[in-house]
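Trainee: Chains A and B, in that order, give the protein sequences.
Per numbering that gives the first Met the number 0, residue 0 is the first one in the first sequence, and the count goes up by one each step.
Per numbering that gives the first Met the number 0, residue 0 is the first one in the second sequence, and the count goes up by one each step.
Don't take each hint at face value.
Straight line, CA to CA, 20 Å or less: simulated SDA-like cross-link-like pairs of lysine to any residue [claimed, not checked]:
1) Lys150(A) with Met134(B)
2) Lys150(B) with Pro317(A)
3) Lys150(A) with His141(B)
4) Lys150(A) with Leu35(B)
5) Lys150(B) with Met33(A)
6) Lys150(A) with Ile268(B)
7) Lys150(A) with Lys150(B)
8) Lys150(B) with His41(A)
9) Lys150(B) with Pro46(A)
10) Lys165(A) with His41(B)
11) Lys150(B) with Lys165(A)
12) Lys150(A) with Asp168(B)
13) Lys150(A) with Met33(B)
14) Lys150(A) with Ile142(B)
15) Lys281(B) with Ile268(B)
16) Lys165(A) with Glu47(B)
17) Lys165(A) with Lys115(B)
18) Lys150(A) with Arg39(B)
19) Lys258(B) with Glu138(B)
20) Lys115(A) with Ala164(B)
21) Lys150(B) with Met134(A)
22) Lys150(B) with Ser140(A)
Note that these hints are calculated values from the structure, not bench results.
Protein chains: 2
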Amino acid sequence: MTLSAAIADEAASADALERLLEATRPGMTRVNAMILDRARSHVELVPEIARYLIDAGGKRLRPMLTIAASMLFGSAKGSEVNFAAAVEFLHNATLLHDDVVDESNMRRGRAAARMKWGNQASVLVGDFLLGQAFMMMVETSHIDALQVISKAATIIAEGEVFQLAKSRDLTATAADYDEVIGAKTATLFEAATEVGAMAGGADAAGRRALREYGRELGFAFQLVDDVLDYRGEAGRLGKNTGDDLREGKMTLPVILALKAASDAERQLIVDALGHEDAGPDKLLQVRAIFDRHDTLGQTIARAEEHGRRAREALRGLPASEMRTLLGDVAQFTVSRAY
Amino acid sequence: MTLSAAIADEAASADALERLLEATRPGMTRVNAMILDRARSHVELVPEIARYLIDAGGKRLRPMLTIAASMLFGSAKGSEVNFAAAVEFLHNATLLHDDVVDESNMRRGRAAARMKWGNQASVLVGDFLLGQAFMMMVETSHIDALQVISKAATIIAEGEVFQLAKSRDLTATAADYDEVIGAKTATLFEAATEVGAMAGGADAAGRRALREYGRELGFAFQLVDDVLDYRGEAGRLGKNTGDDLREGKMTLPVILALKAASDAERQLIVDALGHEDAGPDKLLQVRAIFDRHDTLGQTIARAEEHGRRAREALRGLPASEMRTLLGDVAQFTVSRAY
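Based on the provided sequences and hints, a complete structural model is requested.
Mentor: This is how it looks when you write it as structure tokens:
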């Protein structure tokens with residue numbers, strides 16, 4: 000895509016998230032009520048930690064996608080609320096465990112839960128949220144949706160283990176990266192939209208379309224996130240710029256850079272990768288190498304391709320405002336990178 | 000119970016575990032095959048860690064109880080195998096996370112997984128096992144059993160958080176202790192026998208009887224375990240004697256001792272409780288205090304009461320060899336304390 004085309008698309012999609020928020024508001028009101036309700040526990044520490052994370056909010060993009068997907072097919076009868084809340088709980092459980100695994104200090108613009116309550120409580124409250132997610136699914140008696148969610152939970156965990164195994168592995172390939180983000184990110188987006196479609200009464204083709212849409216959207220989302228980690232400002236995403244570098248995460252920008260780098264450049268990257276004390280100067284040096292080899296640009300190009308595929312996945316469905324909006328959301332996801 | 004009565008009962012129940020193993024062998028062969036199969040993953044680290052834990056074995060008491068409960072009602076059609084394997088996976092997931100939370104070094108007589116692969120992998124492989132447990136449940140399309148298991152997973156996590164919150168809390172009461180073990184141990188025993196009964200085609204009364212049997216058995220089991228932690232020899236249970244003391248766990252023997260202790264005794268307990276370097280001399284001092292106030296004896300008396308209730312729960316069911324055997328298992332569970 001040319002820069003001017005990108006700018007035009009960005010204008011068209013700039014308010015996509017606002018419009019998604021608006022379109023899903025009635026459903027999300029019920030989802031948010033359920034989220035608060037199910038974060039309760041007579042064990043004080045549980046709601047305290049769960050709410051700390053939940054109140055920080057995030058965009059609630061995944062449950063919004065579940066609601067939107069259900070609306071696309073028109074005959075949602077209420078199970079979409081449970082599905083959406085379960086998706087958000089599964090996501091939050093993953094975040095709690097991720098922060099323990101990554102030893103992250105920040106999450107959603109404030110101290111990670113583990114910094115306030117310790118790793119132990121973060122692990123256990125994550126388990127609680129996971130259990131509650133399944134309980135909300137079970138309440139709908141929708142065994143096919145349960146299958147989607149339980150499979151997603153398994154694949155996400157597998158992906159996280161794979162990412163851990165590849166941490167600081169200088170031989171990691173773009174294919175490894177695809178496997179990691181396909182499992183840890185795209186799987187949940189895919190599940191979110193697929194169960195939404197199911198709740199909305201989609202036929203097999205509709206379900207398949209939304210599954211593919213969610214999967215491609217998830218890839219685009221994570222690719223852009225991994226670009227922003229090197230380009231954003233601290234606090235902007237509730238993460239610190241350079242976290243991935245310090246944590247030794249083999250994201251695509253670094254994989255592509257290592258492949259193209261001179262010996263001297265390679266050494267610079269290796270010296271910074273996975274070193275907790277890699278400061279702003281190191282980060283700037285690494286970013287200069289990325290710029291020389293255009294690895295952020297190449298990563299964005301991949302995100303654009305996935306965004307395009309996400310929109311394409313919807314093409315076979317009847318035209319509707321919601322279909323257009325979901326297409327714009329895919330575009331917006333990519334345009335965050337600019 | 001008098002000592003001689005206890006010895007007589009012990010003789011009657013001594014081989015109960017052997018007989019349970021024998022009676023459930025055909026079912027357990029299928030369960031063990033499923034456990035191995037579902038511990039597989041293309042991500043190498045996953046089966047490596049899962050099998051390390053699974054191969055260490057343990058008694059597989061919980062899945063055996065599921066199979067036994069299903070046999071009691073006679074019309075098991077295969078779902079009991081999935082249920083039993085899911086119960087064991089849920090148990091193993093809990094162990095992996097527990098060891099991280101408790102910072103345990105040992106599990107089932109060897110180094111805890113976290114000592115070999117780190118806390119990070121233990122958290123994530125635990126999540127994987129949890130996901131697989133739900134997938135095995137989902138395969139049976141048995142929504143009521145799924146409800147039992149997902150509720151159990153949630154309550155177990157809540158109980159672990161409560162235990163963490165009460166760690167080294169000198170004001171912890173016997174009621175707090177009951178809440179902790181009711182949630183973290185009895186809930187899984189209860190779920191194991193209840194879903195077994197469901198797989199076997201039990202009616203509501205049968206299901207209720209097995210739920211109650213499992214719950215009481217779980218209480219008895221944990222009470223005895225908490226006695227053995229102060230009395231066993233290192234390695235006997237794959238735990239080190241005195242672990243609970245060093246980890247600051249408020250188990251019943253220590254709660255009762257604190258209540259009865261003189262100021263000097265209290266100070267001795269406080270000095271050892273939750274101190275990683277509390278050595279054999281400290282442990283002996285604490286045990287001497289327990290002996291003076293008979294707190295291990297009182298804990299065993301409670302276990303006996305729960306064992307009695309477990310046997311009583313079965314009383315309304317038709318007499319059968321399996322019913323007798325399950326009663327003997329309850330007796331055996333208590334007699335381990337002698």
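Trainee: Taking the hints in turn, state whether each one holds.
Mentor: Hint by hint, here is what the structure shows:
1. With a C-alpha separation of about 6 Å, the suggested pairing of Lys150(A) with Met134(B) holds against the 20 Å cut-off.
2. Under the criterion of a C-alpha separation no larger than 20 Å, the hint pairing Lys150(B) with Pro317(A) is inconsistent with the structure, at around 40 Å.
3. Of the supplied pair hints, the one linking Lys150(A) and His141(B) holds, its CA atoms being roughly 16 Å apart against a limit of 20 Å.
4. In summary, the hint linking Lys150(A) to Leu35(B) is supported, as the alpha carbons are separated by about 18 Å, within the 20 Å threshold.
5. For the proposed pair Lys150(B) and Met33(A), the alpha carbon gap of about 17 Å is at most 20 Å, so the pair holds.
6. With a CA separation close to 47 Å, the supplied pair Lys150(A) and Ile268(B) exceeds the 20 Å bound.
7. A threshold of 20 Å between alpha carbons decides the hint, and for Lys150(A) with Lys150(B) the separation of about 18 Å falls inside it, so the pair holds.
8. Of the supplied pair hints, the one linking Lys150(B) and His41(A) holds, its CA atoms being roughly 15 Å apart against a limit of 20 Å.
9. Annotation: proposed proximity of Lys150(B) to Pro46(A) holds, straight-line Cα distance about 17 Å (limit 20 Å).
10. For a cut-off of 20 Å, the pair hint linking Lys165(A) to His41(B) stands: about 14 Å separates their Cα positions.
11. For the suggested pair Lys150(B) and Lys165(A), the alpha carbons sit about 35 Å apart, so the restraint of at most 20 Å is broken.
12. For the hint linking Lys150(A) to Asp168(B), the alpha-carbon distance of about 39 Å lies beyond 20 Å, and the restraint is violated.
13. About 17 Å separates the Cα atoms of Lys150(A) and Met33(B), which keeps this hinted pair within 20 Å; it holds.
14. Simply put, Lys150(A) and Ile142(B) have alpha-carbon atoms about 16 Å apart, close enough for the 20 Å limit, and the pair holds.
15. Pair hint Lys281(B) plus Ile268(B) holds up; C-alpha atoms about 8 Å apart against a cutoff of 20 Å.
16. For the suggested pair Lys165(A) and Glu47(B), the alpha carbons sit about 16 Å apart, so the restraint of at most 20 Å is met.
17. At roughly 17 Å between alpha-carbon atoms, Lys165(A) and Lys115(B) fall within 20 Å of each other, so this suggested pair holds.
18. A C-alpha spacing of about 14 Å is found between Lys150(A) and Arg39(B), which places the hinted pair at or below 20 Å, so the restraint holds.
19. For the given pair, Lys258(B) sits about 49 Å from Glu138(B) by alpha-carbon distance, which is inconsistent with the 20 Å threshold.
20. Restraint check for Lys115(A) and Ala164(B): satisfied, since their Cα atoms lie roughly 14 Å apart, inside the 20 Å limit.
21. Our distance criterion of 20 Å between C-alpha atoms is met by Lys150(B) and Met134(A), whose separation comes to about 6 Å.
22. For the hint linking Lys150(B) to Ser140(A), the alpha-carbon distance of about 14 Å falls within 20 Å, and the restraint holds.
Taken one by one, the earlier hints fail for this structure at numbers 2, 6, 11, 12, 19, listed in ascending order.
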